[in-house]
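Make one complex out of these two single chains by using the hints.
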Amino acid sequence: MVVLSRLLSCMSYFHVFGFDLKVGHLVLMLCCCMLSEIPMNWFINGGLMEKKISFLRDRGKIWLSWWEKIPASGRKIHHHYYQYIGSKKVREKSWWRKILIAWVVSWVFGSVWIFLYMSSQATEKRKETLASMCDERARMLQDQFNVSMNHVQALAILISTFHHGKNPSAIDQATFAKYTERTAFERPLTSGVAYAVRVLHSEREQFEKQQGWTIKRMDTLEPSPVQEDDNAFEPQEPSPIQEEYAPVIFAQDTISHVVSLDMMSGKEDRENVLRARVSGKGVLTAPFRLLKSNRLGVILTFAVYKSEIPSNATPNERIQATHGYLGGVFDIESLVEKLLHQLASKQTIIVNVYDTTNLSDPISMYGPNTTDNGMYHVSTLNFGDPFRQHEMRCRFKQKPPWPWMAITTSIGVLVIALLVGHIFHATVNRIAKVEDDYREMMELKKRAEAADVAKSQFLATVSHEIRTPMNGVLGMLQMLMDTDLDITQQDYVRTAQASGKALVSLINEVLDQAKIESGKLELEAVQFDLRAILDDVLSLFSGKSQEKGIELAVYISDRVPESLIGDPGRFRQIITNLMGNSIKFTEKGHVFVTVHLVEEVMGSIEVETETSPKNTLSGFPVSDKRRSWEAFKAFSEEKPSCSQIPLSTSSETINLIVSVEDTGVGIPREAQSRVFTPFMQVHTSTSRTHGGTGIGLSISKCLVGLMKGEIGFVSEPQIGSTFTFTAVFTNGHFNSNKYKKQQINNHSKSVSSEFEGMKALVVDPRPIRAKVTIYHLQRLGIHVEVASDLNQGLTSLSSGTAVITMVLVEKEAWDKDIDLSSLLINKLRKNDKVDYPKLFLLANSISSTKTSAPKSIGYTPNVIMKPLRVSMLAASLQRALGVGNKGNCLNGGLPVLSLRNLLCGKHILVVDDNNVNLRVAAHALKKYGAEVACADSGKKAIAMLKPPHNFDACFMDIQMPEMDGFEATRIIRDMEHDINGRIQHGKVPKEAYRNISNWHIPILAMTADVIQATHEECLRCGMDGYVSKPFEGEQLYQEVSRFFKSNSLCAH
Amino acid sequence: MLGLGADRLRADMNRLLALLFHQGVLDEQFLQLQQLQDETSPNFVYEVVTIFFNESEKLLRNLRELLLDKEFSDYKKIGIHLNQFMGSSSSIGAKRVRNVCVAFRAASEQNNRAGCLRALELLEHEYCYLKNKLHELFQIEQQRAMAAAVRYPIQD
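Here the protein sequences line up with chains F and A, keeping their order.
Under UniProt numbering, the first sequence has 771 at position 771, and the numbering climbs by one with no breaks.
Under UniProt numbering, the second sequence has 19 at position 19, and the numbering climbs by one with no breaks.
Check each hint, because a few of them may be wrong.
[Said to hold, decoys possible] Here are the simulated lysine-lysine pairs, DSS-like style, with alpha carbons at most 30 Å apart:
1. LYS940(F) / LYS76(A)
2. LYS338(F) / LYS306(F)
3. LYS584(F) / LYS515(F)
4. LYS133(A) / LYS926(F)
5. LYS433(F) / LYS446(F)
6. LYS940(F) / LYS77(A)
7. LYS267(F) / LYS77(A)
8. LYS58(A) / LYS77(A)
9. LYS133(A) / LYS939(F)
10. LYS544(F) / LYS838(F)
11. LYS178(F) / LYS306(F)
12. LYS76(A) / LYS515(F)
13. LYS501(F) / LYS455(F)
14. LYS926(F) / LYS76(A)
15. LYS501(F) / LYS76(A)
16. LYS811(F) / LYS584(F)
17. LYS445(F) / LYS455(F)
18. LYS70(A) / LYS267(F)
19. LYS987(F) / LYS939(F)
20. LYS76(A) / LYS939(F)
21. LYS940(F) / LYS58(A)
22. LYS76(A) / LYS455(F)
[Stated by the list, open to error] A few chain A positions that, by computed beta-carbon distances, are all more than 12 Å from chain F:
23. ASP7
24. ARG8
25. ARG10
26. ASP12
27. ALA18
28. LEU36
29. LEU59
30. SER73
31. LYS95
32. ARG96
33. VAL100
34. GLU136
35. MET146
Simulated from the structure, these hints should not be mistaken for lab results.
No residue lacks a Cβ here, since even glycine has one placed at the ideal position from N, Cα and C.
So that you can see chain A by itself, here it is in the shape it has in the complex (with noise of 0.2 Å):
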């Protein structure tokens, strides 16, 4: 019975990762970031993701109350936040979230302040979507594992 469910359990991840491959949340680097995942660090995805989550909210309160601010003008600044966003999203291989930062810096760029707006706020959508999702993944993933009491393999 445990062992079954397990097998559901992980049908399920399977099936979420698949959809969020397929809507382009997630990408390889993923995949890889997963792989990287063994018995010497068995926590590393949830470890780095959680990480990635916490710079991630930093960086978008920064975000926001730089463009709420009335005489806001440093595009500069922006352009700094977004890259590190950048850097992490395409680390952990958030591909959507990724492409909205740089549709974000494209606007910053061009000075371009409702621009900036509308792309913040659609990065706080796909942040918050990519968030749910990989919650709910890290979720199945812990129950799976406690169901199983056997890690999630790197290699299928």
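Okay, chain F solo, but in the shape it has when bound (with noise of 0.2 Å):
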């Protein structure tokens, strides 16, 4: 019941736990436990019952073994499953099934195993039981007959003493019979005894004579020797002659009637009386059935002889000296029920009691006449009689009882074995299940994985498709415009033109997007000057940032190398991003893009103290920038390795920290979160306010993350918000062989030479502010002196030992004090030298600059608009110095000098169906200095470019008739490679080849739309790069420069 019970609670706790993997490994060391305990509930309940407390003992020990083996198990399951989960490879269900089969079968066997061996451990308890009970009995019957026996011996010497041994004799038949009347308490097993002489024949007559009977003999019919029926004895016949006769002459009451019969003449009887006299002992005869009580008995003769026989007497010599025999009848049935009487538990064993002197037919001496094949136990009983063999056979009544104990233990152990085999596959199909459940997951995420790349694949062709069009109605709508229209209609025509000009910016944004997101958008590594493009930025913001009136500055640290190595236009992509946004959000103070190495910024972390307000660019509070990129890893990360920097500025990954800090309305904090996720907008108004998509910062984010940065901002509402984001770039002078400048000259170089030495002294009562103004005037090689108001500015010009050539004030200083910008006037206007040094005004706004020039004075300086740009900044300069030469173009003509370096003397193949543009490609290469061939179509080109040819450089059409470009370009690069092939074997002399082992010729593709899949294309076929077509000198610059070096001995 114990057992039972606790099953039950076991698997009321697996409904409960749900069979839970980890549930499950804690059910099982509760069947543990529970396993324990049953050996001991047995123990209490075996205190009970004595008798099987050793047995029980057994079973305890056997147990322990098994609770040892059980979680031995369990860990093995343990190790299964965790092997399993660590591999992963489940779906193999095989090898679980077979060991869970394993389980149970070995456990059935192991059940059956326990069942018999209990059950067989009962048997020897009932055999040893019965054995002991059978052996006590035939003990005791064997004690109880000796006695007799003993009892007839002493009678025998009775009679030898006081028959024999008196003259005349002392006893006679009614003394005998008194004395062994009185006696027979003590023979309780024999119901009679009597005494027989012997006799010779030559005795006869006498001893007749003297008895006064005649010796009769036994019935000859009869096989059993002793007739005592009274009634049938006067029949009996005188006995036959014979050598020697053996008349009973005594016998007890009971058996009075066998007196004067001849024992020698019964056949059992006569073998008796002559065994006897032989041996000297009692001997016993075959049982068989007395007369008058009808009961089986066996009579025990005893040889009476004349005198003392040695113990080492012959056979004869006993013969002669034997007098008489002594019989007793023993009623054997009597005997072993009174016997058993006595005994208690009499009723649980069934005795028989055998004569087996003939072993193949044991003549039954007492018991039920049964043939139960059952369990039955032998003990041999010794009645003094070496010749007769006796045994007593028992066996119990009932049926053995069922082995309760085995089936309950052996059932019990298979449940447990069977709930533990559960536990398993229950374990087992969950991990299966779950293991499904992740595969389809997998699969699953696979497939939304796919679906998205497919979106944003679908959102660039799309988008792309939708440019195409149009295009198609800006152009309409341009051409519309055109027409004679009425002032309404040509509002109509503008709106929509402007509507679809936002399209189209709106579907480049996606189109970006879109790239970034499937992957495709790969980042140029080209060489760049950072300052020039900031330059070009702060020139597309510079109208807005006047008109608003705002402050817009760039500072680039010294430390940043002139030229990176990266993609420019990316770069500036993030930059006008961030850039115009804080001008759209911004009304009124600055916006002041700063570029350090990472080095720089984390070096002054430490030291660098709270900004003041009052030390920013405009006067107006900003965020701590610093805030913005706190959670950037590179930070954290180099923290550490401060002493480094030195060596890392060297080295040629440039780590560059980008600032954008504006104030501008800010971002509210709830929105703060979600600002670089794509068409997020503050607010739905603010599109509606200030236009765009939101989806700038998010293609920024991406486009940083290209450049291996981090991007991170600070905002405070109503202060404002930085920007902040780093990017990973080369250094360009390390390989500038590699990559051919992307322009040789940069404006500040071409103009730097006219400046160089000159001294100018800026008033500005503002640091940050003076910075920015000094770090221009030292791009173009001047030295600058800082003055932080009038006042100074006057002093330094008066004390400075060198000549100052130029004065830059800041407007606001300037407007300060009139009376003191009157007095520099007139200060610099006394030196009545050739070279006074000029004045300059850096204004913010056009609307400021002219309310308040100190006209009074008459003298209009120089303004400078701000922002402050070096082109811009030198051509004032230049304006007012008169320096410079115009000649040197300020105006883009500068990649015509380089490319006339790179193309002079170049043999060029130029390809195109179209005459017009062969002939416009072909001039304008000409007037670079190349040597131009012209082809009409791809076939006319491939025949031309078969090797050996002299062209440095092909220029192809896209789009030809009959063979397109890709397709001429396959074939050409096929050709080439089969000939470089043949040349590398030996096949075709090298110098058939003009000595070039290697043909490759530079193909670029011209282009009317350029496009990221036909860039790709381009590329895949073979082809080198591509130009657009008409050809722009900066991007024609930049491609053929990969190809060609300079050509210095080409004069321009």
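Listed below in structure tokens is the structure:
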């Protein structure tokens, strides 16, 4: 019952825990606990059954061994389980199924074994009990028999003493009968005793006379010699003549009828008598039915000798010495019955006694005649007659009881094993299910990802497809505007066109986003000048900033190398986006872009104290920009390695940190978390008031990620935001031979020579603003002195040792004190030298200069409009100072010169089916000094480019009838490959191919629409690049510079 | 007198060019084309533009034939012609012609025959306008060249 309840509770645990994996483990432990408790309970119960204690102790040991075994197997299961999880190879269900089946089968066998073992133990026990009971009975029987026998023997001695020893005899029949009657209690097993004397034939007559009767013989017909029936006594005949006789002379009353019968006449008795006198010991007859009581009995016979017989006497001597024979009748049946009555538990067993002298046919002496083949025990009985063998067979009355113990134990074990198996099964099933789910999830995830990629591709395709018709729409609108329209119509058209343009720009952004998402966007690695790019961006926004009257400035640290290698276009896109946002949301104050090396900022982090609100570009408070890069990984990683800063600056990789700081409205805190999510805007109204799609920052973030950088921001509402990002570039100077410079002569260099060595005085009350001005002036090679106000400026003007060529005064300082400014003007004028210092005003917006110029003095200083840019600054200075030559082109003529350097003397093949294009392209290239050949189809081009040829490059149109540029290029590349192979294998002499062993002519695609797909296609079919059609100097230069070394010999 | 005439003619030419730019008939590419003209090829612009006219007339003829054909279906061929037209017109900087070509191509991609026909008419109109104006320009230039006996400078 205990076991059952335990099992039930176990089951309920299973349900409660729902076969959870981890809980499976727990349940297993519970089972083990339970198993350990079972023998304890049984011990307690066993206390009641003393007999089984030892048995149970054995059980207990077995249980203990199981108890050790089960956790071991549990551990094994766990091991499998972990292995299973670890390997993730669960698909093969077979192995665990096998284990499960093996487990169940083994435990079925185990429980059968337990059952057999326990039941055999029980049987053994039963056998033992039976044997001990049987032996006990046999021993008692034997003892009692022996006692009776001893008494019979004593009687024999009595006869010998008092009958034969005395003359005349002291005993007659009456005496004997009386004596034996009175001593019968001593022989409880004998029903009667008689004495027969040995009478020889010669003595017969005398004996008969003496006794008064004749010797009678026993009934010959009767097999049993003793006929105790009184009625049948009379007809008995006298004994026939024999050698000797043994007539009974004395007999106990119970058997007085045997007196005068000749014992020698009965077969059994004769044998008995003969054996008795030979052996001198008590001899037993085979059992037979006693006449009177009709019970089974045996006769015990002792010989009575005339004198003492030595123990080693021969049989013959014994025969001679024989006097007579004393016989006792034993009633075996009553004897055994009496005996058994004395013993307890006589009901439990059945006792049979057999005479087994004749082994093949044992004679039953006592007991029911059952033929039960069940278990029995045999105990031998020794009644003192070596000739006769007796045995006692005992068997239980009842059949053995069912071995309930064994049955319950084995079933219990089996149930537990099955439960464990079930747990295992459930566990494995669950794991398999989880695995299936996992697989399914993976599948779904893959599909989702594929769908995402498909979406991006779809976006990219659709956007591109939209762009084409949109161009048509815009073109038509443009044309429509040129027709005769009234004002309303013109307004409509203008609106339509503006919307169209907005749509196209949106599509471009979406295209970018899609490209980034589908992983198609790859960054270029070209050399570029960061400062020039920032100047460009600045010029883009200068109009807007002047309109709004906000200050716009760029500062780039000196430690940032002049040329970097990276993707200038994308960098510019990020900057443009951030600056555009800043300007969009800033109504007053400033937008300030700073570029530093990460190491610089790192170094200054600890040193820099809290920036006071006054110390900003425009005097408006800004948010602490350091907080915008707090989360950057680069900082947390590099912090401990501050000592390596000098090393990393000189290394190839340049870590830039760019901050765009504004004093705009800021981003509300609740919106700050989703700033970088595409199409998220602070308010829906934002897009209405400020326009834009909200995709820009997301794109910027992606681009920064592509540049191995990070982007972050800090923003405080109504104070402003600062966006900071890092980007990794390569130092351009280290790879100058690998990448041709994008712009050999950048603006600053070209003009710097003019201002080299000049000295300027900057008057600006704000250090940061002064720093920006200084930065730009120093780029021009001008030495700068700073004065915080006009007073200080005046003193430094008068005391300065070096000649100051120019004075740049911040508008704010100028307006503050008109007297001082006029004083300054006067002072400058007083210097009547030819090159007296020129005065420049640095002004922010057009309106302010107009209103507050100190006209009273009648002198208008040169006004330089901010934002400051090198080219603009240089132009203003040139105009004022009258230096520089106009011929040194400031309007983008620069690539022409470098292109001339590159292309001069080069043989170039131009392929285009369009004659006009062919003519124009050829002429343009000719103008750069190249020798140009033309082909108007792909086939011709192939023929001309068959090695050996002397072309240095080929410009190929893509869209041509018959054979397009892609195919022609493919054929040319195959051709080159073939010839290169042949040259390398020596099949054709190298000399025949102008000693060039590796033919590869640079082929550049000419294409009207430059889109990513076309670019990829170009590269795929072996082209080296592409240029737009019609040629743009800069792009042409970029592409061509990759193949040609600058040809300095060619003078332009 | 001759010099003055040359100056006047040059002013005329600039005015005409400015008009064309303002109308969007021409764009910077035409200026670049002019810049390509130098001592080695004094009539470069004229030559190129002449080639453009020849090609364009051929193309226009083809386009008209294609579109007027009753069982017309080959929009692809139209696309090829238009690509060529676009290429050459953008090469010489004929902005409006090019824009019409773009619209024309859009119509042909949509198999919009009516749109194509309208665009063709527009294209022919634009082309004629351009041709007239450019002829005018060249005439003035020729006169100027004769008057001044100097070539039109590359850069102003």
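Taking the hints in turn, this is what the structure says about them:
no., hint, result
1, LYS940(F) / LYS76(A), "holds, 24 Å"
2, LYS338(F) / LYS306(F), "violated, 37 Å"
3, LYS584(F) / LYS515(F), "holds, 26 Å"
4, LYS133(A) / LYS926(F), "holds, 28 Å"
5, LYS433(F) / LYS446(F), "holds, 19 Å"
6, LYS940(F) / LYS77(A), "holds, 22 Å"
7, LYS267(F) / LYS77(A), "violated, 147 Å"
8, LYS58(A) / LYS77(A), "holds, 14 Å"
9, LYS133(A) / LYS939(F), "violated, 37 Å"
10, LYS544(F) / LYS838(F), "holds, 29 Å"
11, LYS178(F) / LYS306(F), "holds, 24 Å"
12, LYS76(A) / LYS515(F), "holds, 29 Å"
13, LYS501(F) / LYS455(F), "holds, 24 Å"
14, LYS926(F) / LYS76(A), "violated, 34 Å"
15, LYS501(F) / LYS76(A), "holds, 28 Å"
16, LYS811(F) / LYS584(F), "holds, 24 Å"
17, LYS445(F) / LYS455(F), "holds, 15 Å"
18, LYS70(A) / LYS267(F), "violated, 152 Å"
19, LYS987(F) / LYS939(F), "holds, 26 Å"
20, LYS76(A) / LYS939(F), "holds, 22 Å"
21, LYS940(F) / LYS58(A), "holds, 22 Å"
22, LYS76(A) / LYS455(F), "holds, 29 Å"
23, ASP7, "holds, 22 Å"
24, ARG8, "holds, 27 Å"
25, ARG10, "holds, 21 Å"
26, ASP12, "holds, 22 Å"
27, ALA18, "holds, 15 Å"
28, LEU36, "violated, 5 Å"
29, LEU59, "violated, 10 Å"
30, SER73, "holds, 18 Å"
31, LYS95, "violated, 8 Å"
32, ARG96, "violated, 6 Å"
33, VAL100, "violated, 7 Å"
34, GLU136, "holds, 18 Å"
35, MET146, "holds, 24 Å"
Hints 2, 7, 9, 14, 18, 28, 29, 31, 32, 33, counting from the list given before, are not met by this structure.
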